[in-house]
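Visitor: Take a look at the letters that make up each chain.
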Amino acid sequence: NAGVTQTPKFRVLKTGQSMTLLCAQDMNHEYMYWYRQDPGMGLRLIHYSVGEGTTAKGEVPDGYNVSRLKKQNFLLGLESAAPSQTSVYFCASSYQRDRGSGANVLTFGAGSRLTVL
Amino acid sequence: LAKTTQPISMDSYEGQEVNITCSHNNIATNDYITWYQQFPSQGPRFIIQGYKTKVTNEVASLFIPADRKSSTLSLPRVSLSDTAVYYCLVGDQAVDSGNTPLVFGKGTRLSVIA
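First to last, the protein sequences are chains A and B. Position in the first sequence (from 1) plus 268 gives the number in the working numbering. Position in the second sequence (from 1) plus 1203 gives the number in the working numbering.
In isolation and in its complexed conformation, chain A is listed as follows (with noise of 0.2 Å):
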């Protein structure tokens, strides 16, 4: 099993430009997620989806959109790239647990190094 994969691991965009995150993972897992995690900041979540077709915002989505049209796939768009988004973006996904037998355990992909000059 590949776990979860992200790729690109690194971008550079100019300001104003558009790009897609790909995530994947191979674990049949319901949930996948979006984080991002800036210089000696913990992780923030983007957006989130708990299901294949549905998507739903997290703590920063602002300038972010992503689709779940595969199970397997979770996609983050950047429409018009601005500085403020360079950041080190990571993909988990998790399968969901029964109610009071634990929360979610997350897989984190490697992560994707993104730069916008």
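Careful: at least some of the hints might be erroneous.
[As the list claims (entries may be wrong)] Distance condition first, Cα-Cα at most 16 Å in a straight line; then the derived EDC-like pairs of lysine to aspartate or glutamate:
| no. | chain 1 | residue 1 | chain 2 | residue 2 |
| --- | --- | --- | --- | --- |
| 1 | B | 1206 | A | 327 |
| 2 | A | 339 | A | 294 |
| 3 | A | 339 | A | 298 |
| 4 | B | 1309 | A | 294 |
| 5 | B | 1257 | B | 1270 |
| 6 | A | 338 | A | 294 |
| 7 | A | 338 | A | 320 |
| 8 | B | 1309 | A | 306 |
| 9 | A | 339 | A | 327 |
No wet-lab data here; the hints were simulated from the structure.
Take the given structure of chain A and dock chain B to it, following the hints.
Guide: Using the frame of chain A, we list chain B on its own:
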């Protein structure tokens, strides 16, 4: 969601036991306590999860007092490779609970010194 408070950083010498405490005064009945470890340039990885009393696995132990308002992650005999950021998360994240996914704070940066 229960807010968590943990130390910003800690230092330890190799071979010592390290205890990182997390406060979560408003933990809810259905909430679990989960700890993650993050090495530089990597995504976080799950360490341990518990609800009450003590949980132990091959990596760490998690101590939770009866009132569940705090928890302590214990790393036995740390080595240089344990240098990482450790995150404490509290929640249940059940799909029918209405809760948003668990929130990561800034974590505790553990530095192990030779």
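Visitor: Of the numbered hints stated previously, which ones are contradicted by the structure, given in increasing order?
Guide: Checked against the structure, the hints that fail are numbers 4, 9, while the rest are satisfied.
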